[in-house]
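Protein chains: 2
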Amino acid sequence: MKNFTFYSPTFFVFGKKTENEAGHYIKKYGGSKVLIHYGGGSVVRSGLIDRIKASLDKEGIKYTELGGVQPNPRSGLVYKGIELCRKENVDFILAVGGGSVIDSAKAIAAGVPYDGDFWDFFEGKRIEKTLKVGTVLTIAAAGSEGSDSMVITREEGMLKRGAGGDIIRPVFSILNPELTQTLPAYQTACGAVDIMAHILERYFTNTREVEITDRMCEAVLLTIIKEVPRVIEDPDNYEARANIMWAGMVAHNNLLGVGREQDWASHGIEHELSALYDVAHGAGLAVIFPAWMTYVYNHDINRFVQFAVRVWGCQMNFANPEETAKEGIKRFKQFLTSIGMPVNFKELGAREEDIPLLVEKMGLGENYTRGSFVRLKSSDVEKIYRLAL
Amino acid sequence: MKNFTFYSPTFFVFGKKTENEAGHYIKKYGGSKVLIHYGGGSVVRSGLIDRIKASLDKEGIKYTELGGVQPNPRSGLVYKGIELCRKENVDFILAVGGGSVIDSAKAIAAGVPYDGDFWDFFEGKRIEKTLKVGTVLTIAAAGSEGSDSMVITREEGMLKRGAGGDIIRPVFSILNPELTQTLPAYQTACGAVDIMAHILERYFTNTREVEITDRMCEAVLLTIIKEVPRVIEDPDNYEARANIMWAGMVAHNNLLGVGREQDWASHGIEHELSALYDVAHGAGLAVIFPAWMTYVYNHDINRFVQFAVRVWGCQMNFANPEETAKEGIKRFKQFLTSIGMPVNFKELGAREEDIPLLVEKMGLGENYTRGSFVRLKSSDVEKIYRLAL
Chain A
4 MKNFTFYSPT FFVFGKKTEN EAGHYIKKYG GSKVLIHYGG GSVVRSGLID RIKASLDKEG
64 IKYTELGGVQ PNPRSGLVYK GIELCRKENV DFILAVGGGS VIDSAKAIAA GVPYDGDFWD
124 FFEGKRIEKT LKVGTVLTIA AAGSEGSDSM VITREEGMLK RGAGGDIIRP VFSILNPELT
184 QTLPAYQTAC GAVDIMAHIL ERYFTNTREV EITDRMCEAV LLTIIKEVPR VIEDPDNYEA
244 RANIMWAGMV AHNNLLGVGR EQDWASHGIE HELSALYDVA HGAGLAVIFP AWMTYVYNHD
304 INRFVQFAVR VWGCQMNFAN PEETAKEGIK RFKQFLTSIG MPVNFKELGA REEDIPLLVE
364 KMGLGENYTR GSFVRLKSSD VEKIYRLAL
Chain B
4 MKNFTFYSPT FFVFGKKTEN EAGHYIKKYG GSKVLIHYGG GSVVRSGLID RIKASLDKEG
64 IKYTELGGVQ PNPRSGLVYK GIELCRKENV DFILAVGGGS VIDSAKAIAA GVPYDGDFWD
124 FFEGKRIEKT LKVGTVLTIA AAGSEGSDSM VITREEGMLK RGAGGDIIRP VFSILNPELT
184 QTLPAYQTAC GAVDIMAHIL ERYFTNTREV EITDRMCEAV LLTIIKEVPR VIEDPDNYEA
244 RANIMWAGMV AHNNLLGVGR EQDWASHGIE HELSALYDVA HGAGLAVIFP AWMTYVYNHD
304 INRFVQFAVR VWGCQMNFAN PEETAKEGIK RFKQFLTSIG MPVNFKELGA REEDIPLLVE
364 KMGLGENYTR GSFVRLKSSD VEKIYRLAL
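Read top to bottom, the protein sequences are chains A and B.
Quick note on numbering: the first sequence equals residues 4 to 392 in this note's numbering.
Quick note on numbering: the second sequence equals residues 4 to 392 in this note's numbering.
This is chain A alone, in the form it adopts within the complex (with noise of 0.2 Å):
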């Protein structure tokens, strides 16, 4: 194991009708003006924001709101949601929606307080100060709401980038799973595999001696696993949605990733595929996880098996483990298209022929890699693409 630090200081809110707590923590918080951000008009049909303001007057905490985040936020949003904030000095940011909102209400959060340019922070600077930021969480698949990461897209160039720190993370995130009984089945198995994505950029490492996270991060998988079949049968199946939408919080504020290397090639693969052809992020993973690990699993055959085993309950097969390997990988794209995910190029809608430009906008050039399990260059790239096909 390695050496590590861990910090996960939200308050968790979790359950049926906790959306109407919003009030009580911003206030508890020491929130006085606050800036509810949102993405489409869902959250307002479904009377959730009203809820939510209702929850704000009852403590007698002014707001102004700011709805439109897109899957994929941007940044031009971002730029408005800090000018609107500074113009009405607001000093608290509620996000209500999933992971685009979260990060999005992240970045202005960053951005309110910070004499520059806010994309900065994408581009390495650290983050000094933030106004504070809570949620209401409504789709369980990112796990923004308890992390400490944020993924913006600036609109010129379309440039996707990542920042973090610890200081963004949520000072509360209010999770009640009601609040995704109405997702349907496809966005809730994108979500579900986004949260396995998670797990898996962790688990697959080359540190040896990690068995704590390794059967925690099991647990979490094996937790999806029985899940989500029950919610795409029966979207209104509280129980489940419950068990999911922790699951997705755990996959992501780094409890699994501890004392351990990560490594997130396969995110960075994804990335390209929404990019070109936008499509959903978790259908983009159900997609490149498998033919990332057909690729890769000759590299550790005893932890692909030990992923058969211990996760998708196969047969161990002591004559030829690398039997038992394939096994599981196997498994696993059964089970993403059991619950109606693409698996290839063709159900995504991506075509073989894009596959030189995926690989060419992924720029890693001829000297860098991506990924540490095993360190990808280009050409590895372009099989696994064609491994997807």
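Take the hints with a grain of salt, since some may be wrong.
Said to hold, decoys possible - Okay, derived cross-link-like pairs now, SDA-like style, lysine to any residue, Cα gap no bigger than 25 Å in a straight line:
no.	chain 1	residue 1	chain 2	residue 2
1	A	K229	B	K20
2	B	K20	A	Y10
3	A	K380	A	A278
4	A	K229	B	D303
5	B	K19	A	G168
6	A	K135	B	K135
7	A	K19	A	G44
8	B	K5	A	R233
9	B	K163	B	D123
10	B	K229	A	N305
11	B	K229	A	Q265
12	A	K83	A	K19
13	B	K30	A	L87
14	B	K30	A	E131
For the record, the hints were derived by calculation from the structure and aren't laboratory data.
All values derive from a computational prediction rather than experimental measurement.
Since chain A is already given, all that's left is putting chain B on it; use the hints.
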């Protein structure tokens, strides 16, 4: 799953040589005059206290010190610590040791800014303000390094009581597994049982649909079951020590207990054993827990079957699940024996003729019960003690 809140704001610093960062973190959290609080002389003799002092000197932090914390920490030393802190204008307490030292430090920290008797907190008064507490952990067991609770024994009447609240969670905790390598096998095993017991008190629940926390409980139990025999065999095994040390934190910061009813009867039943015979808490738990399981398994055979199959790898007896449930308890007991723990009164040095006294001291009377998985009356507790003979 039940509604819940979860808050674990402690900054964890984990790994080799990390005790040398104590000064850095105290400065970061605003400490300028520190009480270094510890137990016996071993942390002095080993040079640990000197290394910590050097790290404080390096940051220009002043300190005073107070050793002498006993297992089952006493109120007398807490009063002494409060007085010393006030006299020396201490603003930060650094606990160097295991759960007893950390609990004593938490009690001093709560007592210093309080006008009344600190014991009020152990009689239900809410803690409104405390000095900040940091820890350098030397034993994997109690989980106090990440928990919101403390247990202190008042000499008058030997009254052992708990108190807590999120406010007393340490601001930082330094966990260096190297510091646990000198622990004798018996103490290591006692610590491991304490860790397992913290999980089992949460695992046996009447709350349905808690797959995520069920799986995480099982993950940490499986880690202990793998790693503890390795350190009993080879006390210098850093990697196994590291996995156990982090497991001890995870087991008791309540991540594994969110959204579920918890039991805690076995802890209560054990407390009377350690109070009467001055035996280690972990050793007492090794005697009580299998007896409690044997007494209550009929209440929910399925849950005990799950424990047997998932944690102990028992083959499911589909024709007779009760046999599988019993097999799980048997394996647990065999494991405890294998790591050198007592599993009955005789091995612990407890006496059958004291059972009426033990039951009486629990003070349940005629109308009170303990536990929530099964609500135990005095007559049930007596039967559990008899099952442990």
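query: Taking only the CA atoms, is the gap from A/K229 to B/D303 under or equal to 25 Å?
result: holds, 21 Å
- prompt: Keeping to a limit of 25 Å between CA atoms, is the pair of B/K229 and A/N305 held or broken?
  reply: holds, 17 Å
- request: Given the hint that B/K30 pairs with A/E131, test it: the Cα-Cα distance must not exceed 25 Å.
  value: Cα-Cα ~18 Å, so holds.
query: CA of A/K19 to CA of A/G44, is that 25 Å or under?
result: Distance ~22 Å between A/K19 and A/G44 Cα, so the pair holds.
query: Taking only the CA atoms, is the gap from A/K380 to A/A278 under or equal to 25 Å?
result: Given pair A/K380, A/A278 holds - Cα atoms ~20 Å apart, limit 25 Å.
- request: Given the hint that A/K83 pairs with A/K19, test it: the Cα-Cα distance must not exceed 25 Å.
  value: violated, 33 Å
Agreement of B/K20 and A/Y10 with the hint, judged by alpha carbon distance not exceeding 25 Å: With a Cα-Cα distance of about 19 Å, the restraint between B/K20 and A/Y10 holds, given a limit of 25 Å.
- prompt: Does B/K229 pair with A/Q265 here, judged by a C-alpha cut-off of 25 Å?
  reply: Given pair B/K229, A/Q265 holds - Cα atoms ~23 Å apart, limit 25 Å.
message: For A/K135 and B/K135, compute the direct alpha-carbon distance and say whether it is at most 25 Å.
response: Roughly 22 Å separates the two Cα atoms, so the pair holds.
task: Starting from B/K163, check that the Cα of B/D123 is at most 25 Å away, please.
output: It holds: about 14 Å lies between the C-alpha atoms, which stays within 25 Å.
- prompt: B/K19 and A/G168: Cα distance at most 25 Å?
  reply: holds, 24 Å
query: Within 25 Å, alpha carbon to alpha carbon, are B/K30 and A/L87?
result: violated, 36 Å
Hint compliance for this structure: hints 1, 12 and 13 are broken, all remaining hints hold.
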